[in-house]
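*Asks:* Now for the letters of each chain:
Number of protein chains: 2
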Amino acid sequence: MIKIADLKPRTLMGPGPSDVHPRVLRAMAQPTIGHMDGQFMQVLDDIRDMLKAVFQTSNDLTLAISGTGMAGMEACLVNLLEPGDAFLVCINGVFSARLKEVAERIGARVTAIRVPWGQVFTPAMVQVALEQHGPFKLVGLVHVETSTGALQPIKDISAVVHAAGSLLLVDTVASLSGVEAAVDDWQIDACYSGSQKCLSSPPGLAMATFSPAAVHAITHRNTPIGSWYFDMMLLRKYWGSERVYHHTPPVNLYFALHEALSMALEEGLPSRWARHQAAHAALKTGLARLGIGYLTDPGCIAPTLNCVAAPAGIDEAAGRKQLLNEFGIEVGAGLGDFKGKAWRIGLMGEGADQRHVDALLSALTVIAPKG
Amino acid sequence: MIKIADLKPRTLMGPGPSDVHPRVLRAMAQPTIGHMDGQFMQVLDDIRDMLKAVFQTSNDLTLAISGTGMAGMEACLVNLLEPGDAFLVCINGVFSARLKEVAERIGARVTAIRVPWGQVFTPAMVQVALEQHGPFKLVGLVHVETSTGALQPIKDISAVVHAAGSLLLVDTVASLSGVEAAVDDWQIDACYSGSQKCLSSPPGLAMATFSPAAVHAITHRNTPIGSWYFDMMLLRKYWGSERVYHHTPPVNLYFALHEALSMALEEGLPSRWARHQAAHAALKTGLARLGIGYLTDPGCIAPTLNCVAAPAGIDEAAGRKQLLNEFGIEVGAGLGDFKGKAWRIGLMGEGADQRHVDALLSALTVIAPKG
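If you read the sequences in order, they're chains C and G.
If you count the first sequence from 1, position 354 lands on 365 in this note's numbering, and the numbers rise without skipping.
If you count the second sequence from 1, position 96 lands on 107 in this note's numbering, and the numbers rise without skipping.
FYI, nobody ran anything at the bench for these hints, they're computed from the structure.
Mixed in with the good hints there might be a few duds.
All copies of an identical chain are treated as equivalent in the list; a pair is satisfied when it fits inside any one copy or across any two copies.
Under the rule of at most 27 Å between Cα atoms (straight-line distance), these lysine-lysine pairs were calculated in the DSSO-like manner [said to hold, decoys possible]:
#1 Lys-248 - Lys-14
#2 Lys-248 - Lys-352
#3 Lys-148 - Lys-295
#4 Lys-111 - Lys-248
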């Protein structure tokens, strides 16, 4: 049996989790307190306020969810969609495809439009789908596709979606606090993210925010919300002034998220976005020198998730294994269409700095000197 | 804004979370590693093996779920029940009532039988319900009702349930490792628990195990499992040798659970049950001296969750507040039928010792000297 204290530390440069700062690990190790303790209510209030700042929203219903990023996706869909509701999903990778699968299990009528992996949608594409197959209650988009590293512009599509009378759902799991994601300015109705990516808190929490229009849709359902665990109308009674017990949240993960959000806001969002961009630029330049290029369309490369062609001349799986075992560096494998072809290099949160970029580039000169 | 490092430590004697040992907090604070890292696969394998020991089962499908105890409940129900399936639930408190609510949202046809709060069911009661309203696909029971402290005997009811051709689901959230809960010997088909009670790991993980008959029911469904996040057939491909990525589990909570399970098995289950029983006996004697009695039926008092009448002569809410603020001791409020009448005193995991009992009794001589 393994001893946890003996685990080898890693340099996390995969698609998440990202490296966690010692401040956050220490906060997480604070002795557990009760979930109905007044002290914990302050922790919750702080988290809500900080999440509103990070999501750039004034939405009252902004909270953390006691599950991972995928729990955030399911929570949004199961609250917003009833069986039979029409949902348009824009698929350009694994996570947007999951929007479809989760919604179908809820019983929604799902229409999908697709672009090739590594590309993003134009407002015109969404417009055509809305006209041909609408009306839709909800339209779903992924901001940064973790499987392809494509950064989807949101604002212009949002205008098209709202002009058609639909609500807009956006996945910001691999973007929030790493690149701009402005919920109110972009008129996003429901938005979820995960703790373990650009916020560099340990995995296990999703964060979500719902616009007044989204809340209206939830409160005017004809059928009960299919999930009790993810029921936002119950959860908001715990997060709100009523403090009605719902479930026992992961107290120590909330401590960690509190500290990670504090650090993000101490840095300031624009500085944080700039840091992610600078790390990405340095990585891209260094990879080019090694002959390693991106699989993502040049016009939509996300700084946070760098999806590159696995280096030529080496076995991609063996190369990743060597990186992990000899250099302690984790990068991600390709998924789906990119399986066996791609490496996914995350520059997220604590990982978005020159130290991480240099560690990887230096290791690559040994492993894949010719690219 | 609160600083996490400034939070006042508490002595946790409510219905959970329970106090967490420093060994477990330290394990949790180990730097995060990736969820596809070979090291983490070893952590998962160890956790599965240790959970099998703690659940006293040889079930292959034994795993942790990335959510709280209530996620464990929902996960069991959403996998085992399809819309229209008949489910018999035995309600004697808040958590058994939740079984009904969660199952109804899934679309199951739920029949409930009830006994007053603080009491448990006899095999004859279940037998009658099975005959009058059956057949049922599934029967649900709560082992220790956290809202009443009632300890439900399982084995004889299990025989009745299986004779009727039903599957048996048991909630062991407030019992597992604190009192015996023998999944195989008692022929429990699906059993879930939570990390933060008698195992004294921080909240945020559920643990569950499924018998071959339960797995057969899941694999022979006519409809897809309603939840993607809780889909056991996807989760077992990650926990099994295929290691197919599903979601990013809360890596650090798994570290904590690994350490907490190690500690439970180092102590040995029979010793651990005896320790819980001894702490309970000491508390009961001390409370009697103060004139404080149990609301639970004398024949079915659980050692882990002591549901007592709020001390006479003091305001129960003010008394709990005083305990927390002046003595740092958390006890739980009454729920539902017991709201305003009960205090729920947990003696679970690290909290099941003389030190905790003495701390509470000593504080009570100040707060409620006459009982």
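*Asks:* Taking the numbered hints from earlier one at a time, note which ones the structure violates and give those numbers from smallest to largest.
*Replies:* 3
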